[in-house]
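Chain by chain, the residues:
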Amino acid sequence: MSCERTDTVLDAYFDNELDAIGAAEFERHLEQCSECVKALEGLESLRSSMNRAQLYETAPPSLRKRVLAVLSPARPAPGVLARTRWPWLAIAASLLLALTGWQVASFHPGDNPESMLAAEAVDAHLRSLQPGHLTDVLSSDQHTVKPWFDGKLDFAPPVRDFADRGFPLEGGRLDAIHGRAIAALVYGRRKHLVNVFIWPTSESDASPRGGSRQGYQWLDWRRGGMEFCAVSDTAPADLDQLQRLFTE
Amino acid sequence: MDPEDQARFEMLVLPHLDAAYNLARWLLRGGPDAEDAAQEAMLRSYRFFHGFHGGDVRAWLLQIVRNTCYTWLEKTRKVKDMTEFDEQSHPGASPTPEAIAIAGDNRQRLSHALDSLPPHYREAIVLRELEGCSYKEIAAITSTPMGTVMSTLSRARRQLQLMLRDPAREEAAHEL
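The listed protein sequences derive, respectively, from chains A and B.
Position 75 (the first sequence) corresponds to 75 in the working numbering; numbering is contiguous.
Position 104 (the second sequence) corresponds to 104 in the working numbering; numbering is contiguous.
So that you can see chain A by itself, here it is in the shape it has in the complex (with noise of 0.2 Å):
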C-alpha cells in the first residue's frame, strides 16, 4: 500500500492490539486515510465470512472418549460411563437434578452472593454440556425460541439471535439458579457455547461484574428489570461483546 502506515498496525488496531495512545493516533490518520479504512473494511468483512463459515472443528465425540478413558483407567469418568453402560443412571441423576436444583458447588460460608451465583452459574453451565442436556427448544430462530418459553416461566425472557455478529443462538432451555426456574440460551462462540441464563430481578441496572471460576469466564449484569448471567470457556472479551449486544 502507498500508505506510510504499515500492514502490521493496520491489523494491530483491527485487533485492539494497540494501546491507547497508538489507537488514538491512527484514529486520527484513519480520518484522512481512505486506504486504511478500505483494508480496515477489508478485515472486517474477512474476519464476517470466516464466522459465518463457523470453521471452528470441534473434538468428536471418539476422541473425547478416548481421553477420557486413557486418562482414568481405573476410575471411569462418569462421562464415559453415562454414554456407554449406564444410560438409565444419567437419566435418574438429571431428573433428580432437575427436581431438586444442583447444589454440588462446594459453598463456604463467607461467600458473597456474587460468587455463589458464579459457582451456580458454571454448575448450570457444565450441566448443560453433558449429553443431551443442552438445549429443550433447538432452534437458531428467536421467533420459535421466544414462544417456546411462554407458559413455561413467569416472565418473558429477551430472546435474540445475534448469528450476524459472531454469536448464533442455538436454542434455549429450562434451567434453576437460586432455586427458582430461569431461561437459558444458548449461543454459539466460534463453536464454544455460551449460556446465557436470564431471571426477572427487582434490584435496579447493574453493569457487569464477571471473573473466571473452574476455568470457565462468567458475566453478570442487570438491565430492565432481568438479572443475566453469561457462562463459557470462551475468551472473556467475547462475554464483554456478548453483553453488549445484549443491552444495544
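To be clear, the hints were calculated from the coordinates, so they are not data collected in a lab.
Treat the hints with care, as some may be off.
Stated by the list, open to error - Below, computed lysine to aspartate or glutamate pairings styled on EDC-like, alpha-carbon distance capped at 16 Å:
1. B:Lys75 - B:Glu137
2. B:Lys75 - B:Asp33
3. B:Lys136 - A:Glu17
4. B:Lys136 - A:Asp15
5. A:Lys191 - A:Glu170
6. A:Lys191 - A:Asp154
7. A:Lys191 - A:Glu57
8. A:Lys152 - A:Asp136
9. A:Lys146 - A:Asp136
10. B:Lys75 - B:Asp105
11. A:Lys38 - A:Glu27
12. A:Lys65 - B:Asp56
13. A:Lys65 - B:Glu40
14. A:Lys38 - A:Asp7
15. A:Lys65 - B:Glu35
16. A:Lys38 - A:Glu57
17. B:Lys136 - B:Asp56
18. A:Lys146 - A:Glu114
19. B:Lys136 - A:Asp19
20. A:Lys65 - B:Asp36
Take the given structure of chain A and dock chain B to it, following the hints.
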C-alpha cells in the same frame, strides 16, 4: 498423578479439548491424524501437568499441541508440505485455484483457502480468528516474538484475502 492433580487436570485442561483438536485439525489439515495428534498432545499434557504452575492453561496446552503436530508433520515428512514439489506430487492434498473457485460454498471456499496457506500462516489465523487468542497468547503458543506474530498474522491475512478474491493468483501469493 495424585487424585488432587488428576482432578485439577480434569477441571483445567479437559475443557480445552476442543481447542486442542481444532488446532491439530488445521495444522494437520484434517483426517484421522488430527484426532491421533490431539490425543497424543492431551496425554503429553497430562504427563507434564505437574510442571504447569498456573497461568494461561489454554496457551500452555496449545503449545504442546503445536509441538506434537509439528513433530507429526516431520515424522511423516510433511513439514515442507506447502512446497511446489509437494503440491504437484499430491494434487489432492492441496486444492488447486480452480477447486477453490468452483467451491462456491463459503465454508468450503474458506477452508480450502486456509488449508492451502503455509502452516505458520495457517496457525496464526486459526489461533487469532478461530480460537480468539491475543497476540501475547499466540506469541507464547508459537514461541515467537510479538513482532513476528504481528507481521505473520498480517501477511497471512493478506494472502488469504488474495486467494479468496482471485484464486488464480494463489500461485503468486505463495511466493510472498
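Determine which of the earlier numbered hints do not hold for this structure and return their numbers in increasing order.
-> 1, 6, 10, 12, 16 and 18
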